[in-house]
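Please construct the entire structure, taking both the sequences and the accompanying hints into account.
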Amino acid sequence: MDDEPLIRVEHVYKQYETEAGPVPVLTDVNLVVARSEFVAVMGPSGSGKSTFMNILGCLDLPTSGRYLLDGRDVGALDSDQLARLRNTDIGFVFQGFNLLPRATVVDNVALPLVYAGIGSEVRHRKANDLLAKVGLAAYARYVPSQISGGQQQRVAIARAMVGEPKLILADEPTGNLDMKTSYEIMEVFTRLNGEGITIVLVTHEPDIATYAHRLVRFVDGSITHDGVASRSAIAGAEA
Amino acid sequence: MIRQMLAEAWHAMGANRLRTFLTMLGMMIGVAAVIMMLAIGRGAQFMVDQSIASMGSNLFIVLSGSATAGGVRLGSGAAPTLTTSDAEAIADLPSIAAVAPVAPGGAQLVAGAANWSTMVTGTTSAYLDVRDWSVESGSVFTDADVRSQTRVALLGQTVVKNLLGDEDPLGKTIRIKGSPFTVIGVLASKGQSLDGRDQDDTVLIPVTTAQRKVFGSQFPGSVRFIMAQATTAAAMPSAEREMADLLRQRHHLPDRADNDFDIRNLTALANAAAQTARVMSIMLGAIASVSLLVGGIGIMNIMLVSVTERTREIGIRIAIGARQRDILTQFLLEAIIISLTGCVVGVILGIAAAVAANLLANVAVVITGAAVLLAFGVAAAVGVFFGFYPANKAARLKPIEALRYQ
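Protein chains in written order, with the working numbering: chain A, 1 to 239; chain B, 1001 to 1406.
Simulated from the structure, these hints should not be mistaken for laboratory data. Don't take each hint at face value.
Unchecked claim - Below, simulated SDA-like cross-link-like pairs (lysine to any residue); rule was C-alpha separation at most 25 Å, straight line:
{"#": "1", "chain 1": "B", "residue 1": "1398", "chain 2": "B", "residue 2": "1305"}
{"#": "2", "chain 1": "B", "residue 1": "1393", "chain 2": "A", "residue 2": "101"}
{"#": "3", "chain 1": "B", "residue 1": "1398", "chain 2": "A", "residue 2": "116"}
To be verified - Label pairs and their in silico Cβ distance ranges:
{"#": "4", "chain 1": "A", "residue 1": "77", "chain 2": "B", "residue 2": "1309", "range": "27 to 35 Å"}
{"#": "5", "chain 1": "B", "residue 1": "1016", "chain 2": "A", "residue 2": "72", "range": "18 to 26 Å"}
{"#": "6", "chain 1": "B", "residue 1": "1398", "chain 2": "A", "residue 2": "227", "range": "47 to 55 Å"}
{"#": "7", "chain 1": "A", "residue 1": "143", "chain 2": "B", "residue 2": "1278", "range": "39 to 47 Å"}
{"#": "8", "chain 1": "A", "residue 1": "22", "chain 2": "B", "residue 2": "1010", "range": "41 to 49 Å"}
{"#": "9", "chain 1": "A", "residue 1": "138", "chain 2": "B", "residue 2": "1002", "range": "52 to 60 Å"}
{"#": "10", "chain 1": "B", "residue 1": "1010", "chain 2": "A", "residue 2": "176", "range": "29 to 37 Å"}
{"#": "11", "chain 1": "B", "residue 1": "1002", "chain 2": "A", "residue 2": "17", "range": "53 to 61 Å"}
To be verified - Partner residues aside, some chain B positions facing chain A, computed with beta carbon under 7 Å:
{"#": "12", "residue": "1006"}
{"#": "13", "residue": "1257"}
{"#": "14", "residue": "1260"}
{"#": "15", "residue": "1264"}
{"#": "16", "residue": "1271"}
{"#": "17", "residue": "1272"}
{"#": "18", "residue": "1316"}
{"#": "19", "residue": "1321"}
Beta carbons are placed, not taken as given, at the ideal position from N, Cα and C, and that holds for glycine.
Set out below in structure tokens:
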């Protein structure tokens, strides 16, 4: 199984049914991502990259085509199995942080472990360890509204990491942050990637994309560029 | 896991304290209303049942017919057509278990310095069987007493209290309309009758003594009415027919003549009263149940609002691995906690209100475990029933749409 890539997307189509008829969003998308890769996904709004991320995150299923995560065909799984997969194999980091506003920082980080059926003591130990790792050990008892955006995003990263996933999906994680904080967050991602975690990251910002090793560019529901995330490649993609 | 969920439900409810409280209030009022109404209904039913039991079962009362004196009709019981020998004849009918002739009258009682006016009933020992009555102390007069017109008396509790106070009444001599009687027994307490009379305010003496020595009668052996008890409830219609036939024959009534007596089925009247009380009890419960239903709808309403408000939260939970049933359980648990908490408080409020009604307004209340259990069960069912739809709606949210919800 180890030579099997973590992500294998084959001929994926996705269309949404609207009143005006079906609207194609993804057209014949093929992508293979190996373990420990750091992939940046770029593309204009409406190019299908968010839909693609939803499919990678098992939040949505392709209309046709196959998606294998760690060798398992996601299309064949039922909703409970998909939930389990999201819980154990995938960590999400969103643009809007998406923390539970009323729960404390440490409870937010521990939440995925609740659904994994892990006892309260272990949950809190793991959550506190991860908070220490992202430099927020002192803020465990705060609620999200009491800390800054950058800190909230680090809490979200800690939450994504707590289930020890193989894959982290980050949808514009720096979109709501200033430049300096963005770079700090990207340092955290780089460190995690260095520990062997596969990261797929959507971004609009060329600066952020340079942290990745590989660049995938979406235009009109298809991948138009797939290569090294060099400055020139990113600049070319922007043009 | 369930502990964590309870804690989260507690948190979610705490975030909107006033709203949670108001939702619970609906449930509280519903449950309290059901408990209180059932208690009052049961209380009324209990009172009626008790009165019926105190009257005796399968009972007929045979009244003498009306008389006309100088063109003035005197009403039922006025003509002295019934006699003690009629009573004896009725007692021989196979469908009749016991018969007591009754010759009542008001009389002044005197004992030492005390006096008391009450109803003195001349009858036989069978009266106690017919009325399901017994003596608390002493003994009942015998058939021999009746034959020999002995001056002996059984006193009701109210009479004992008013006439003799704390003295031991047995063996005491009291005067009834001036003639001395020996108290041989005290009747057990029977309480109020259906029409509110104090049944303990009475004196029983042998019927013959009443007829000849106390009230005197120009018609020897006549009685005001006869109480007859049928062997079984099923035998009542035939017993009524047989009594009528027997009395017509004994009174030599021609075929076309009206009865000169009147047979009334007391049990039928009592059953009607009991039925009324039962229907009232059910109706009170049903009306109160409506408020329980309204409370349930309140829960559903608030849970729907809560699901909508927390759509994004639900999306986050699904994204990080909550299964549909985790979300369902979470919201259902919240609804159940609200309804159960409301229910517990409602039970307490309901019992308190019933007790208050009893103390302040003197309303008879009976709180049964069954009623409390019923209110509890219904409230729990309402919580699950009305909580399920919103919880299910939450569980079926599509994760990407929920996450995109603002």
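So, going through the hints one by one against the coordinates:
no. : hint                       : verdict
1   : B:1398 - B:1305            : 18 Å, holds
2   : B:1393 - A:101             : 22 Å, holds
3   : B:1398 - A:116             : 21 Å, holds
4   : A:77 - B:1309: 27 to 35 Å  : 31 Å, holds
5   : B:1016 - A:72: 18 to 26 Å  : 41 Å, violated
6   : B:1398 - A:227: 47 to 55 Å : 34 Å, violated
7   : A:143 - B:1278: 39 to 47 Å : 57 Å, violated
8   : A:22 - B:1010: 41 to 49 Å  : 46 Å, holds
9   : A:138 - B:1002: 52 to 60 Å : 32 Å, violated
10  : B:1010 - A:176: 29 to 37 Å : 31 Å, holds
11  : B:1002 - A:17: 53 to 61 Å  : 39 Å, violated
12  : 1006                       : 12 Å, violated
13  : 1257                       : 90 Å, violated
14  : 1260                       : 88 Å, violated
15  : 1264                       : 73 Å, violated
16  : 1271                       : 60 Å, violated
17  : 1272                       : 61 Å, violated
18  : 1316                       : 5 Å, holds
19  : 1321                       : 2 Å, holds
The structure fails hints 5, 6, 7, 9, 11, 12, 13, 14, 15, 16 and 17 (numbered hints given earlier, in ascending order).
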